[in-house]
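Chemist: Below, each chain spelled out in residue letters.
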Amino acid sequence: MKAHTKYLWFNTKKRREYINITHEVESALSESGIHEGMVLVSAMHITAGVWINDAESGLIQDIDEWLENLAPFKENYRHHRTGEDNGDAHLKNLLVHHQVIIPVTDGQLDFGPWQQVYYAEFDGQRRKKLIIKVMGE
Amino acid sequence: MKAHTKYLWFNTKKRREYINITHEVESALSESGIHEGMVLVSAMHITAGVWINDAESGLIQDIDEWLENLAPFKENYRHHRTGEDNGDAHLKNLLVHHQVIIPVTDGQLDFGPWQQVYYAEFDGQRRKKLIIKVMGE
Amino acid sequence: MKAHTKYLWFNTKKRREYINITHEVESALSESGIHEGMVLVSAMHITAGVWINDAESGLIQDIDEWLENLAPFKENYRHHRTGEDNGDAHLKNLLVHHQVIIPVTDGQLDFGPWQQVYYAEFDGQRRKKLIIKVMGE
Numbered sequence: 001m002k003a004h005t006k007y008l009w010f011n012t013k014k015r016r017e018y019i020n021i022t023h024e025v026e027s028a029l030s031e032s033g034i035h036e037g038m039v040l041v042s043a044m045h046i047t048a049g050v051w052i053n054d055a056e057s058g059l060i061q062d063i064d065e066w067l068e069n070l071a072p073f074k075e076n077y078r079h080h081r082t083g084e085d086n087g088d089a090h091l092k093n094l095l096v097h098h099q100v101i102i103p104v105t106d107g108q109l110d111f112g113p114w115q116q117v118y119y120a121e122f123d124g125q126r127r128k129k130l131i132i133k134v135m136g137e
Numbered sequence: 001m002k003a004h005t006k007y008l009w010f011n012t013k014k015r016r017e018y019i020n021i022t023h024e025v026e027s028a029l030s031e032s033g034i035h036e037g038m039v040l041v042s043a044m045h046i047t048a049g050v051w052i053n054d055a056e057s058g059l060i061q062d063i064d065e066w067l068e069n070l071a072p073f074k075e076n077y078r079h080h081r082t083g084e085d086n087g088d089a090h091l092k093n094l095l096v097h098h099q100v101i102i103p104v105t106d107g108q109l110d111f112g113p114w115q116q117v118y119y120a121e122f123d124g125q126r127r128k129k130l131i132i133k134v135m136g137e
Numbered sequence: 001m002k003a004h005t006k007y008l009w010f011n012t013k014k015r016r017e018y019i020n021i022t023h024e025v026e027s028a029l030s031e032s033g034i035h036e037g038m039v040l041v042s043a044m045h046i047t048a049g050v051w052i053n054d055a056e057s058g059l060i061q062d063i064d065e066w067l068e069n070l071a072p073f074k075e076n077y078r079h080h081r082t083g084e085d086n087g088d089a090h091l092k093n094l095l096v097h098h099q100v101i102i103p104v105t106d107g108q109l110d111f112g113p114w115q116q117v118y119y120a121e122f123d124g125q126r127r128k129k130l131i132i133k134v135m136g137e
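Chains A, B and C are the protein sequences, given in the same order. First residue of the first sequence? That's 1 in our numbering, and the numbers climb one at a time after it. First residue of the second sequence? That's 1 in our numbering, and the numbers climb one at a time after it. First residue of the third sequence? That's 1 in our numbering, and the numbers climb one at a time after it.
Identical chains blur together in the list; that is why a pair holds if it fits in one copy or across any two.
Result set (DSBU-like, lysine-lysine): computed pairs, CA atoms no more than 35 angstroms apart in a straight line:
(1) K13 / K74
(2) K14 / K74
(3) K13 / K129
Treat the hints as calculated values from the structure; they're not laboratory data.
Excised from the complex, chain A in its bound form:
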């Protein structure tokens, strides 16, 4: 089994941002020379998510509103006694999961018609890191 590892860095302007990283994942796959296997795309922070969904701006706003409804920003999380104010970002991370595995077949991301990979920043305005690991032959 071969492995190829690449890191992406983010420092978003807004607290919450949703960034399409499909092209960066394709580049990592191309660099790897791997034809059969998979790509792990995983946030390295506990206040960010990774998901596969549609690149449609109305939907992304719907998702943001829905996440804020189910895991709202609040002053009084116990976690804030540590001096942080990002309790909601930890819960949003748990809700959407922080990683995906993309199958690789014939040297391509084996995606359905609308699948795109997103990095979901829930506590931005600071440097955050993500790992892309291609594994296979």
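Go by the hints and put chains B and C onto chain A.
Modeler: Below, chains B and C alone, put in the same frame as chain A:
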């Protein structure tokens, strides 16, 4: 590392259906000849999920009701301005995740006593695709 | 591809408990001799979860309260007609997902600064099993 890839197609009669695909995953594993590794089972659409849970009909109704409560069908998602009416299905997909990895040990799915793989259709009555990818030795 | 498999057993005193298993995962990796690849950590029961998040006690209480809010214990789940009373634990499992994949680079878990692996028991006071499978070279 060896890889064996298989696709399943669905076209459900109802908008939401939950289909036990454990047997199809076992067949793919058997065809692969792989004894140690894993199976990736992943929806190729952004309005369907894959989960591992119990094959118990009351529970499946509970899950359906719970999903409809947390990610309800509504008329006024922004996504619907594109002409779609499936905004809720995108949110349900994010909530339950669209993929699982099943460990393979000694040529078998290495499952606990009640684990079964389900395809969860949230926007059916159209052709949808799923990938099963067995990887290992 | 090499594979190394290890099982952990739990029998928690309380119904819900959150157990940091990062050290056990590191031990399994060390035993495997694998330097490049990944570790699958997956609950083998459908009433428990596995997540990666912060080892901060206030946050863990926040998560527990949040899960109880979104997937509450209730008497009247249909699943309870089978004689069980753990319908909420099945829903909590679906909400947080039951598995994570940890990348392995240079013989180490390739984690960001705050990432820790937790076993989340939602229906304890009985014997439960988890699989750690290290795969790579």
